[in-house]
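Please work from the sequences and hints to get the whole structure.
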Amino acid sequence: MKMKGAEAIVKALEKEGVEVMFGIPGGASIPIYDVLYDSSIRHILTRHEQAAAHAADGYARVSGKVGVCSATSGPGATNLTTGLVNAYMDSYPVVAITGQVATIFIGKDAFQEADTIGITMSATKHNFQLRSVEEIPTVVKNAFTIASTGRPGPVLIDVPKDIQEKEGDIKFPKKAEIIGYKPTLKGHPRQIKKAAELLLNAERPIILAGGGVILSGATDELRRLSDLLGIPVATTLMGKGSFPEDHPLALGMVGMHGRKAANYAINDADVLLAIGCRFSDRTTGLVSCFAPEAYIIHVDIDPAEIGKNVNVHLPIVGDAKQVLKDLLKFLREKIRKGHETEWMRKVMEYKKEFQPKMDYKDVPLKPQKVVKEIMDTIGEDDIVVTEVGQCQMWAAHYLARTKPKTFISSGGLGTMGFGFPASMGAKIAKPDVNVIDIAGDGSFLMNCQELATVVENDIPVVVAVLDNHYLGMVRQWQELFYNRRYSAVDLGNTPDFVKLAEAFGAKGIRVENPEEIGPAVKDAFESGRPTVLDIIVNPEENIFPMVPPGRCLKDIIEG
Amino acid sequence: MMEESHILTALVEDRPGVMQRVSGLFRKRNFNIDSISVGHSEKKGVSRMTLTVTGDDKVLEQVIKQLNKLVEVIKVSKIDKSDCVARELALVKVVTKSENIRAEIVQYANIFRGRIVDVRKDSLIVEITGDSAKIDAFEKLMESYGIKELARTGITAMTRSSK
Ligand SMILES: Cc1ncc(C[n+]2csc(CCOP(=O)(O)OP(=O)(O)O)c2C)c(N)n1
Ligand SMILES: [Mg+2]
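From first to last, the protein sequence lines stand for chains H and S. Under this note's numbering, read the first sequence as residues 1 to 559, first letter to last. Under this note's numbering, read the second sequence as residues 1 to 163, first letter to last.
Since the hints were made in silico from the structure, they are not lab data. Cβ coordinates follow ideal geometry from the N, Cα and C atoms, glycine included. Careful, some of the hints might be misleading.
Straight-line Cα separation of at most 20 Å, DMTMM-like style, residue types lysine to aspartate or glutamate; simulated pairs [as the list claims (entries may be wrong)]:
hint	chain 1	residue 1	chain 2	residue 2
1	S	148	S	127
2	H	308	S	56
3	H	308	S	3
4	H	182	S	80
5	S	58	H	281
6	H	182	S	3
7	H	11	H	135
8	S	28	H	302
9	S	65	H	302
10	S	69	H	302
11	H	554	H	376
12	S	43	S	3
13	H	182	S	127
14	H	175	H	281
15	H	182	S	14
Anything over 10 Å on all C-beta distances counts as not near chain H; from chain S, calculated [said to hold, decoys possible]:
hint	residue
16	16
17	61
18	123
19	132
20	146
Put into structure tokens, the structure is as follows:
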């Protein structure tokens with residue numbers, strides 16, 4: 001079929017089932033946007049390319065599909081980069097299409113030329129620069145395949161303007177063909193059998209579930225495994241929602257701001273089954289004293305994760321869901337009835353002893369109370385997104401989630417400004433549930449321009465700003481570890497967030513008292529309008545418990 | 001664990017940017033790369049890289065795994081140093097007008113099975129191939145005459161077995 005490059009790109013995206021893309025056009029991508037004008041793909045014009053990438057990422061996290069974003073050459077592409085690294089660190093599938101100056105101008109420092117391929121080489125799982133019109137369908141197919149299979153991640157396609165405009169003979173392939181790319185999905189049966197035996201003979205087994213469990217859709221299998229053998233489950237930040245946190249054996253999040261019960265249980269365990277997690281330093285604390293008594297089994301789809309941060313005794317490379325299925329098969333043959341063990345009792349005692357306290361009446365409000373009220377107001381299918389900082393850790397620590405893909409947070413990169421645009425992507429992926437971004441005032445200001453986008457496109461997300469007038473997390477570290485020398489953390493004269501919302505045509509509500517929180521959240525949801533809740537919280541409040549940097553999980557301290 | 005020098009070969013797709021991906025990976029992951037050489041392989045569209053890397057077994061394992069993750073890397077193999085042919089080529093330029101010194105250099109080049117590939121009134125270039133130890137030794141020898149320029153290709157290697 002004869003068509004122009006730009007048409008071929010949009011056709012290829014349609015063939016991949018793309019329903020929505022986020023982006024901003026520019027000189028080097030006008031031909032693509034000209035074709036989008038007539039396309040069935042819904043284009044959401046964000047007000048910053050970083051937000052477009054985060055929105056695509058948020059969409060991917062909730063829909064399970066590939067999120068798509070686009071930008072023009074030069075500044076457009078560089079603005080996308082933070083969002084790409086963010087998706088890369090958390091392993092979510094995003095495809096970015098960037099315009100590029102025409103082939104003959106490449107390397108000439110042409111207007112709005114940036115070395116997008118060079119810049120994003122380490123920001124993506126892979127990237128392509130198009131050299132001909134004819135290769136477009138193959139490259140797009142391969143890009144979507146690489147983004148969404150194995151360990152997912154972002155892929156960028158850089159399209160010089162002349163390639164967009166040139167006509168070529170286009171054939172769409174059915175399948176991707178990439179010689180050097182073949183993810184391992186099925187775990188080695190002998191290793192899985194060994195794991196089964198270890199778990200059956202363990203006295204103090206524990207499961208550490210990461211984001212990979214959610215990505216592979218293995219939450220049912222995880223639940224079955226825990227129920228079958230009575231194994232307590234702790235999760236990483238990314239794994240939140242992989243195991244219902246109201247389950248008697250759920251320990252909640254582990255790590256620097258994890259639950260004490262989770263940290264202590266990991267410290268006591270004799271067998272640790274880690275699934276789809278990468279042992280980030282925020283999860284493990286000091287590695288040399290992480291799970292010191294445990295025989296560690298690590299299931300991951302990425303072979304390079306095994307042995308990278310933590311020494312593993314039994315590696316299993318494979319997709320979490322497949323491996324867990326096979327593991328369950330082995331176990332069912334040998335089932336030992338799951339009576340309550342001494343270990344289970346101990347874990348439950350830990351849970352009882354270290355129940356987080358959330359119910360405060362204080363004014364100014366305690367953030368813990370705000371999180372509690374939000375938790376009590378939302379439904380189990382509603383989606384909680386977070387920004388980064390204390391706000392994020394209050395949400396992750398206190399706010400229990402029971403279903404996968406209902407807790408969305410920037411884990412690996414810790415990107416302030418992620419939450420709001422990601423909420424927008426989440427809401428588009430699932431318009432029928434409520435989406436609330438638990439934000440810090442600092443983080444929200446990093447992408448608050450997207451209020452224009454959500455108002456314009458009628459995307460009713462709610463931003464709950466925990467307004468403490470501080471870059472709170474940094475202030476907390478300065479308080480604890482730098483003699484209270486508060487350097488560059490006072491946000492001083494922050495804007496009136498209610499007026500800010502109203503200026504954009506959104507709804508704004510100020511919340512100052514405990515009894516106002518729930519009704520304000522409800523009001524926001526029911527209004528069907530994008531809403532900013534300006535929740536005035538105690539500026540000096542800290543997030544505890546905490547494992548001081550460089551210390552063991554068991555050294556977790558209270559304030 | 002012991003820090004050691006290892007030889008790896010990687011078959012990679014012959015595409016623009018592949019070298020940057022590989023070298024960028026080493027920088028990003030803080031791996032130590034001693035040399036890297038690249039050229040065509042027996043297959044069209046496939047290049048072969050030889051890398052020498054210093055690190056303990058854990059580092060080596062990570063290097064191999066991370067290289068394998070690059071989409072354009074087709075296959076990575078560790079070369080067994082006791083069962084391989086590893087060669088490097090060096091060009092050594094020495095500047096001298098002395099007939100005696102020239103004669104000495106020619107003699108040494110012969111002993112090392114090197115070749116004189118260029119002679120001028122005041123300089124000569126020796127080409128020498130061999131394993132790195134041999135080239136190190138020759139380089140040392142030539143240093144006493146004053147090396148004007150030295151170019152080493154880095155190691156390229158192949159296992160001996162038929163596999
Ligand atoms: C883009 C970016 N810049 C800087 C940081 C460093 N940082 C981490 S937390 C934080 C403070 C966040 O402040 P705010 O959003 O108000 O949340 P709070 O901690 O006050 O709840 C900063 C500056 C970051 N994570 N991301
Ligand atoms: Mg703040």
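Structure-based check of each hint:
1. 148(S) to 127(S): Since the Cα atoms of residue 148(S) and residue 127(S) sit roughly 14 Å apart, the hinted pair holds (cutoff 20 Å).
2. 308(H) to 56(S): Judged against 20 Å, a Cα distance of about 13 Å means the pair holds.
3. 308(H) to 3(S): holds, 17 Å
4. 182(H) to 80(S): Answer violated: residue 182(H) to residue 80(S) is near 25 Å, above 20 Å.
5. 58(S) to 281(H): Status holds; Cα separation ~18 Å.
6. 182(H) to 3(S): Not satisfied, since the Cα-Cα distance of roughly 31 Å exceeds 20 Å.
7. 11(H) to 135(H): holds, 13 Å
8. 28(S) to 302(H): Distance of about 18 Å is within 20 Å: holds.
9. 65(S) to 302(H): Distance ~9 Å between residue 65(S) and residue 302(H) Cα, so the pair holds.
10. 69(S) to 302(H): holds, 8 Å
11. 554(H) to 376(H): violated, 30 Å
12. 43(S) to 3(S): violated, 34 Å
13. 182(H) to 127(S): violated, 43 Å
14. 175(H) to 281(H): Not satisfied, since the Cα-Cα distance of roughly 38 Å exceeds 20 Å.
15. 182(H) to 14(S): holds, 19 Å
16. 16: Check fails; 8 Å does not lie beyond 10 Å.
17. 61: Violated: least Cβ distance 6 Å, not greater than 10 Å.
18. 123: Check passes; 36 Å lies beyond 10 Å.
19. 132: Its Cβ never comes within 10 Å of chain H, the nearest being 29 Å, so this holds.
20. 146: holds, 40 Å
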